[in-house]
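Asker: Chain residues, written in single-letter form:
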Amino acid sequence: MDILPQLVLNSIIAGAIYAMVALGFNLIYGATKFFNLTHGVIAVIGAYAFLFFGKTLGLNLFLSVFIGVATAAIAGYGLDKLIYLPLRKRKASNMALLIASLGAFTALQAIIAILFTSQFQTLWRNYSTQKIYEIYGGVITQTQLIILISGILITAALVLSLKYTLFGKMVRAVSDDEEAAKIIGINTDKIISRVFIIGSAIAGLAGILVGFDTGIEPTMGMSLLLKGVIVSVIGGVGNIYGGFLGAFLLGFAENFGIWKISGEWKDAIAFGLLIIFLLFRPRGIMKK
Amino acid sequence: MEYLIHLTILFAIYGILGLSLNLVVGYTGLLSVTHAAFYGIGAYATAILLTSFGVNFFVSVLAAIIVSAIIAFLIGLILSKFDDDYYALASFGFNIIIFSVFLNWQELTRGPLGIPGISKPNLFGLDFSSNLSFLGLSLVFLGLIYFASRFIVNSSFGRILKAIREDEKAIQVFGYNTLYYKLAIFVISAAMASVAGSLFASYITFIDPSSFWLMESIFILAIVILGGLSNLKGSLLGALFLILLPEALRFVGMPNDIAAQMRQVIYGVILILLMLYRPQGLVGEYKL
Amino acid sequence: MKKKFFIILIIAIVAGAVYFFGNGNEDISKNESIRIGALLCLTGNCAEWGENSLNGLKLATEEINNNGGVLGRPVELVVQDSAEDNPADSVSAYRQLVLQKVEYIIGPNWTKAGLSIAPIAKKDNVIITSPSLGVADFNEESENIFNIWPHDDIATRELAHFAFKKGFKKAAIFSSKESWYQTQGNAFEDEFIKLGGIITAKEEPLLTQKDIKTEAIKIKNSDPDVVMYSNFDNMGIMAKELKVFGYKGKQISILMDDSRISQAQGAFEGVIYVQYAKPKEEFINKYKIKFGNEPGITADTAYDTLHIYAKIISDTGTDDVSTVQKTYAKLETYSGVSGELTFDEKGGVTKPPVFWTVKDGRSILYSE
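Protein sequence lines correspond, in order, to chains B, Y and D. Once you know that position 285 of the first sequence is 285 in the numbering used here, the rest is easy, because the numbers rise by one and skip nothing. Once you know that position 99 of the second sequence is 387 in the numbering used here, the rest is easy, because the numbers rise by one and skip nothing. Once you know that position 353 of the third sequence is 929 in the numbering used here, the rest is easy, because the numbers rise by one and skip nothing.
Simulated from the structure, these hints should not be mistaken for lab results. Computed from a predicted structure; not experimentally measured. From the three backbone atoms N, C-alpha and C, an ideal C-beta is built for every residue, glycine too. There may be inaccurate statements among the hints.
Among chain Y residues calculated to face chain D with C-beta under 7 Å, some are [to be verified]:
hint	residue
1	Tyr-291
2	Leu-298
3	Pro-400
4	Leu-401
5	Ile-492
6	Phe-494
7	Asp-496
8	Ala-548
Please build the complete structure, drawing on both the sequences and the hints.
Answerer: Written as structure tokens, this is what we have:
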């Protein structure tokens, strides 16, 4: 294992996870313009759903992943229908939505702890280490490879669909100007609802993958969320390409940063990067 | 009885925090999520001065105010470049960065080991070590800050703040240097928060960095929003409510295992309900 | 105007309820059951520990009550979440227990809560014993505060000696910015260097940092003979990363349980750790029957703590705190499921450190 290639790989793997979390977050922010704090716990819901079906019940791996992702998607949909939509209908401010999402985050995290205990749990069934692959002098496990590939594929799929499908165009319309979109006849609530489903599904997948890489516990949602937020801002909130690039930028900054300084400064590095971007490049990496 | 005294002291401390944040968020419209940082600076300044240098508590409060004010000035300068959502995000970032400093600058703060053995205040032989007397002291501070806030809010300075909140551009046209006002209130607010920190440090006699993380800032923000933006009495009510609520929930009989988590669930649900049915807060006049 | 009145009314009701319920427990069960307060970490970073402690307590309660209780009275657990992420909340929880007239308390789990509560408990008529707080400042604060988890770093320093004697001269440390873990990491470093070894790397990421690949590279790259783990929460993850990166050296640790062996995905094969005697087989089986899985960290110490309380109260003949405290103070040894405890005069215990290793995923006693 050579150092530089490994550092690069580490950065890319971290970036892929951040990208997946940020994707959903960005989509939702773009369409609704509020910071959805529950996004982090949605990822955790996906992971725990997989735990239940895939490990406790022992169902087929792919089926369980599908159920996990679906559960996360349903949770996101539910939150929108039950809480965010009614709030939007009352013309609630972004602050109110933020606090409501804070409440939902707290409650959901606690429910997961009730159902599954706070114990650290693993998603894998066997005891031995996973397969390892060598890439240009660095090593990567099977899970990490899947993380990488998923991150890229999903982003690509999303970018393409946003650009070329009718649905994608409608999402962009709503993100640009919800009022205008309504005027030209788009059912914005339905579009937003779909956005929640897709964004949450992606988050759910991210949760499952992270779970496979390093295990799960009910409180893991917060840090995922924070990183997702930073990446979104760096990339330009609401901007998908930007989020993708931003994710990898963060991954690199963190890993190369820790190489030089100690690990405990990781969060400070991430947020420092955030502030620098806000100061000098508030629109994000990409010039829109 | 001790229990009630304890809760009332907490009320005083969080009341101060709520009032001070309300000045910035409610009256000036600046969504700051940094407050826990200044709370922490106050606490650490007092802790360090009392334990390592035997300084008098009241002197340490002054010293803490000065340190907080300086740091608030610097942070405020940078923050003034942003508005709205980005302001919130950047302030987030500063909170985490300052937290990292508390945690990692171990030579000064002892990092995760925390600072134990902080003594109670003492003034010309008047000893405040009994909880009842400490309560009295805290309420005095609360009263002072309340009246100071009221004074600010009702003065012409306060009117300008509200004008900034409503429409900053407009008031700039009239020749007001809004930067000065925003910075001033931010610094004043930070100074008040640091007083709360000093009280906290002396009361609990032990502090460590984790009391000043992001969630604490969000909690203070919740106090302000729940109580009602730009209503000082509202902040006091908000503090009362958010302190009593988890405690009242401790009394509700629930199976042991899940009691703690259920309290979180109920807490979260109440936040959601409040936002759905009363987004302007208990007695607020202004919705952000 | 009406709205404001309404709101103030609600607040008054809530405050009143808190006060009323708080003081309403005066005569209810004072004479019937023996109330033991479980002041445990049930939410936050240390929730795992609190949950395990609670399970240990439940098992002990069941056993004691099936055997006639203490002084003929049943034991009743009064559980409060010590919410240890914020000391103010821990203090609230403690005060609630005192309000509910609980005089025997087991908890809290971690240092921060303990150090916040100790100065207050000093002045109260209670006996507090923590099942997991390994810090002398806690129990030495006052005579009514005790600790069933050996404090200071005796075991850690033993580990340093052990490693050095085995011929390891270069050690890397995986610790954390959490007070107890960091203290142990530093103690190891201190002792190892005193013996003549060198520390090639020390990483202390936050407990919330699960992505520690780069820290792993740094450790591996520093070319140690042995890696020492004091960061219990994430050590399995680190072990796994090290293995993936091709680390072939030895590993030692000061804590271990099955959840972390599994967290390591096989990377902990052959790790040598110092703990104390493993919870006795009998206990493990009883626990498994009741809860379905192996006891996690502190389940055994909490279990012992409750049994110790039962014993000293029985031996004293009354549950009056000041009398029982004298009995407690005179207790010299106790043979528990968590090991052979020897009490020092300051409310703490020492246990002979025992070395274990992991083979085929199971912990077995270490032998040369």
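Asker: Take the hints in turn and mark each one as holding or not.
Answerer: To see whether the hints hold, each was checked on the structure:
1. Tyr-291: holds (4 Å)
2. Leu-298: holds (6 Å)
3. Pro-400: holds (4 Å)
4. Leu-401: The hint holds - Leu-401/Y has a Cβ within 7 Å of chain D, the shortest such distance being about 5 Å.
5. Ile-492: holds (5 Å)
6. Phe-494: At about 4 Å, which falls below the 7 Å cut-off, the nearest Cβ of chain D leaves the hint on Phe-494/Y intact, so it holds.
7. Asp-496: This interface hint holds because 5 Å falls under the 7 Å limit.
8. Ala-548: This hint holds: Ala-548/Y lies near chain D, its Cβ roughly 3 Å from the closest one there, short of 7 Å.
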